[in-house]
Amino acid sequence: MNADEIDAQIRMLAAERRLPPSHLARWLAMDAASRAALLDIARVIRLRTGQLMTALDTLEEVAVREHVTVAAIFDRPEIRRIAGGPGSAPSRASALLEALRTLRYPLLKRMQEQIRSEVAALKLPRGISIVLPKELASDEFTVSLRVRSAAELAHLLEALDRSRPGLARIIEMLAGKK
Amino acid sequence: MKFDLDAVFVEHGCAGSALATRILGALARDVPVTHVADSDTREATRPAPGAPDPFGAGKRRLVIARRKTPFLAPCPAGSSEFACCGYLVLTLASNCPMDCSYCFLQEFLADNPSFQVYANFADSFDELDRLAANARGRIFRVGTGDLADSLAFDSITSISRDLIDFFASRENLTLELKTKTDEIENLLAMDPRGRVLVSWTLSPDAVYRSSEHLAAPPSARIAAARAVLDAGYRVAFHFDPLIAYPGAERDYILLIDELLDVVPPKQISFVSMGGLRMTPGLRGAARSRFPGDPMLCGEDVLASDGRFRTFTPLRLSLYRTLADRFRKAGAEIPSYLCMEPASVHESVFGAPPVRPAIIGKRLARG
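For the record, the sequence lines run as chains G and B. The opening residue of the first sequence carries number 1 in my numbering; numbering runs sequentially from there. The opening residue of the second sequence carries number 1001 in my numbering; numbering runs sequentially from there.
Note that these hints are calculated values from the structure, not bench results.
Only some residues are given here: those of chain B computed to face chain G with a beta carbon under 7 Å:
(1) PRO1294
(2) GLU1299
(3) ALA1303
(4) SER1347
Some, not all, of what chain B presents toward chain G, calculated at C-beta under 8 Å:
(5) GLY1292
(6) CYS1297
(7) VAL1301
(8) LEU1302
(9) SER1304
(10) PHE1311
(11) THR1312
(12) PRO1313
(13) LEU1314
(14) ARG1315
(15) LEU1316
(16) SER1317
(17) ARG1320
(18) SER1343
Just so it is clear, CB atoms sit at the ideal spot from N, CA and C, and this is done for glycine as well.
Assemble the whole structure, with the sequences as input and the hints as a guide.
Shown next, in the form of structure tokens:
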């Protein structure tokens, strides 16, 4: 396909998906290889409108952050694996967006994983739940206890007390203390 | 700094004012000057119709007008959810000839982006005297660098001379001139008598090159700080916005080292820090004007105050890195965080923030 044919196909897909004109314009403003690469993956894994918009936004931001083209991002092994891998189109679409988000927010993703590991390592009993701040947008987390009896409460409070060092570590991590 | 103006509009009532005379005398002859009726001034401040970048075009339209609302106000960043530094804002101009990609004015002045200077700026002195008279025993820090850079237009207005002259004789008022320029010629010709501090926003070279268009390079800002310090001014530094890009920690430490090599820590009146924060509207405006600026694509998430901020652990870690570096410099430099809650202040500095009036006095006195 030449560039004109690719652009025609992009316009056709954008019309089918009712992609907002501003997003279409940004897609068409990409270099030729990037335009074609996004078209290819959008078709293969059948990105829906919202997914296509999110992918476009995230791809552009990763490209700006890393000074690379969108085509170069699609050429990365972790992205190629999703595009050409097994699984249904919807599950691959979700996996693609998640992989792009990891590229866009590498430190946030790593920190979230580390804190989740700390929480898991606490091995808290059922009845105690820890809710971390969404996207680590705050240094505050919530601990809640669900009890039906005084004995249950005593048991959970003891468990919490035993977990104090681990909870303190989570507080320190949320406050950015290394 | 060099002004690249497309047009100047002078409100009729300001035509013979000292400020208009100074500005028109200092500008290149080929800039068209239009006199407008007082009632039409508002129109001259609006976005230029059809301009591809109305905000950018506004920076090249200078409007000399009377300010019809008070000049003096509490800092608009103050809010019950943030620890406040007690700063007062004196608005003598609106907009700025520099064009930083992250600047909040892109949203705040979207509807009236023309670069305005107020010919009746001397009326602000009455407001300041009233403030001082009504609060005897208090000391106020008053700055002109909120809606404009304090010195960016000083080569054509020389307003700094009038301000320094006024503040030098007021015991309980301290003037803060906040800038990203090295326009200090007028300052060097004046005696501030210890009542004027000049503060610079400092960013690493990477941020300067990527985002701070037409600003002076960081090393020039530091050199200018040393020059005004030697001329009897106090100096302060704002690391705001603090941008958490890859390599930021190392770059900010190098920047602080460069600063401390030139300005001894004991002679720094205070340091402030504030992480890059953008409302969704500002984020959209900034990215659309500067689509290739990686500094606008940090690991920012929507915080509870409705602004995008670097996710908390990373932001706090960067604050702490800078605070530790200053602490290791061996002098107790008063420091505060801008637009952060008391809990963050406590986490970074190890102590809760003091009340605004007290910190305001402390920063004003030095």
